[in-house]
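Residue numbers (the UniProt record's numbering), protein chains in the order written: chain A, 1 to 272; chain B, 1 to 272.
Be aware that one or more of the hints could be misleading.
According to the in silico footprint, chain B covers these stretches of chain A (three or more CB under 8 Å from chain B) [as the list claims (entries may be wrong)]:
| hint | stretch |
| --- | --- |
| 1 | 56-70 |
| 2 | 83-92 |
| 3 | 204-217 |
Derived from the structure by calculation, the hints contain no laboratory data.
Cβ coordinates follow ideal geometry from the N, Cα and C atoms, glycine included.
There are 2 protein chains.
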Amino acid sequence: MANERHPFDIATDLEQEGDDSWIARTSDAYWNMVGPFGGLVAALLFKSAFSHPDREGEPLALTVNFCAAIAKGEMQITARPARTNRSTQHWTMTMFQAGECVATATAMFGKRPETFAGRPVEPPIVPSLESLPRMPWPGSGWIERFDLRFAEGEPFWANQREEPSSARSTLWIASDPPRPMDFVGLAALTDIFFGRIIHVRQRMVPFGTVTLTSYFHATENDLAELGSNPILGTADARIFDRGFHDQSAELWSGDGRLLATSHQLVYYRDPA
Amino acid sequence: MANERHPFDIATDLEQEGDDSWIARTSDAYWNMVGPFGGLVAALLFKSAFSHPDREGEPLALTVNFCAAIAKGEMQITARPARTNRSTQHWTMTMFQAGECVATATAMFGKRPETFAGRPVEPPIVPSLESLPRMPWPGSGWIERFDLRFAEGEPFWANQREEPSSARSTLWIASDPPRPMDFVGLAALTDIFFGRIIHVRQRMVPFGTVTLTSYFHATENDLAELGSNPILGTADARIFDRGFHDQSAELWSGDGRLLATSHQLVYYRDPA
């Protein structure tokens with residue numbers, strides 16, 4: 001039905017509770033194996049500040065700390081401005097469940113005047129989305145909500161390789177069903193990349209993002225121009241050591257605009 | 001004098017005010033042109049959680065949001081655990097001055113069991129510290145506290161090049177006077193790299209870090225082994241656009257251990 005709401009919009013609904021507080025509810029459509037898709041948690045915390053009437057300026061940065069497992073049900077979110085300057089604004093957010101903190105976050109917004117611009121990094125060169133197969137996924141939940149097509153570094157269940165394998169993946173990402181790009185959606189996409197540990201080890205191990213920082217390089221106007229076109233993403237890691245690895249990602253438009261970069265620390269348990 | 005305290009230890013002194021609150025004071029020895037060295041602000045916020053008696057585990061991640069200019073004088077710092085799990089712990093910190101928020105921060109600590117380890121990134125290959133000249137600095141303040149020796153991408157006042165120039169720098173970093181490495185010192189070093197904008201533009205423009213995220217890959221034992229040996233650092237950027245650029249850095253031991261990585265968003269004003 002043309003008027004049916006997109007499952008992502010339903011999953012990111014915020015019900016106002018007080019001036020600076022909201023109730024959100026977990027969504028089976030974006031459920032992971034043991035909790036909500038991390039990108040959805042990031043999107044909810046981002047949205048609580050972004051949609052606040054006191055918010056001023058374009059999104060610039062978001063940090064989300066995933067403090068504990070989240071169970072199915074309600075989440076209580078607060079978002080408050082920590083400091084408002086002439087051209088920048090800083091926010092602090094929290095997510096609680098059953099009286100316990102499950103996530104903390106900060107966000108930054110600001111004016112984006114025209115200045116010198118430059119881009120030392122180049123977009124990845126990849127085959128067209130149409131020429132690549134969709135990543136198979138036998139399960140349910142959030143991964144079904146995305147049409148992922150790997151140009152490089154597909155996961156082990158799509159193409160088993162010798163381990164240790166490369167930490168790098170490059171892929172086309174399209175929402176399924178399609179959804180016009182906006183900042184809440186982009187915030188979610190900054191956490192769409194699987195923990196690099198399972199690419200390197202070529203098998204499933206216990207892992208989870210513990211902290212995620214995203215920088216936004218596009219404006220609302222830039223995103224409006226994207227419509228529901230697919231996004232090109234790339235993710236890599238620098239180091240895996242004693243239970244944690246880092247991970248950095250880039251999100252590009254199909255025509256070569258760098259929309260966002262993100263960095264995260266991932267917990268893993270994988271005996272040597 | 002052998003017993004004289006290092007200026008960095010004086011600059012990072014925290015005077016207990018309450019269970020979760022401290023007073024710090026700005027230091028002329030680590031003053032920047034218009035405020036404290038950002039790395040010192042990061043170090044103070046980090047130390048407030050790290051030195052708290054309730055802190056459990058090794059340092060893993062630190063995010064500092066620089067919300068406003070800091071004047072000379074006292075800073076009020078709070079640090080509280082947001083969530084303590086069996087193997088990880090999350091903290092929230094704030095810094096106020098004259099009743100206004102000037103910085104917010106989060107930190108994460110955790111146990112670091114032996115696991116699979118790997119390191120896709122290689123240390124930079126550079127000439128020895130002794131074979132490189134110390135970066136000249138005609139001014140005073142925090143830059144005098146470090147012996148910086150560039151192997152690549154020295155700033156314009158040391159070697160003027162055509163602009164736009166490379167955003168990448170690689171340099172040896174030694175504290176002056178020498179100081180044994182520890183996590184408070186490492187937290188400061190994650191913000192030691194000049195904003196990439198002045199390397200690219202080959203001239204001074206107004207700039208400042210607005211948010212910094214650091215990931216720690218070393219343990220307390222690893223840092224104790226370093227003593228006061230110099231650190232090898234590298235910094236680069238992906239994109240400069242409409243008033244902000246990103247920046248990523250690596251800090252290495254001289255014998256090739258990746259100690260920390262950091263990412264930041266930098267405000268700049270530089271007409272096209």
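Hints, one by one, checked against the model:
Interface restraint, the stretch 56-70 of chain A with chain B: holds (6 residues with C-beta to C-beta distance below 8 Å; minimum three). Counting residues of the stretch 83-92 of chain A whose CB lies closer than 8 Å to any CB of chain B gives 5, which reaches the minimum of 3, so the coverage claim holds. Taking a C-beta to C-beta cut-off of 8 Å, the stretch 204-217 of chain A contributes 5 residues in contact with chain B, enough for the three needed, and the coverage statement holds.
Consistency note: the structure conflicts with none of the earlier hints.
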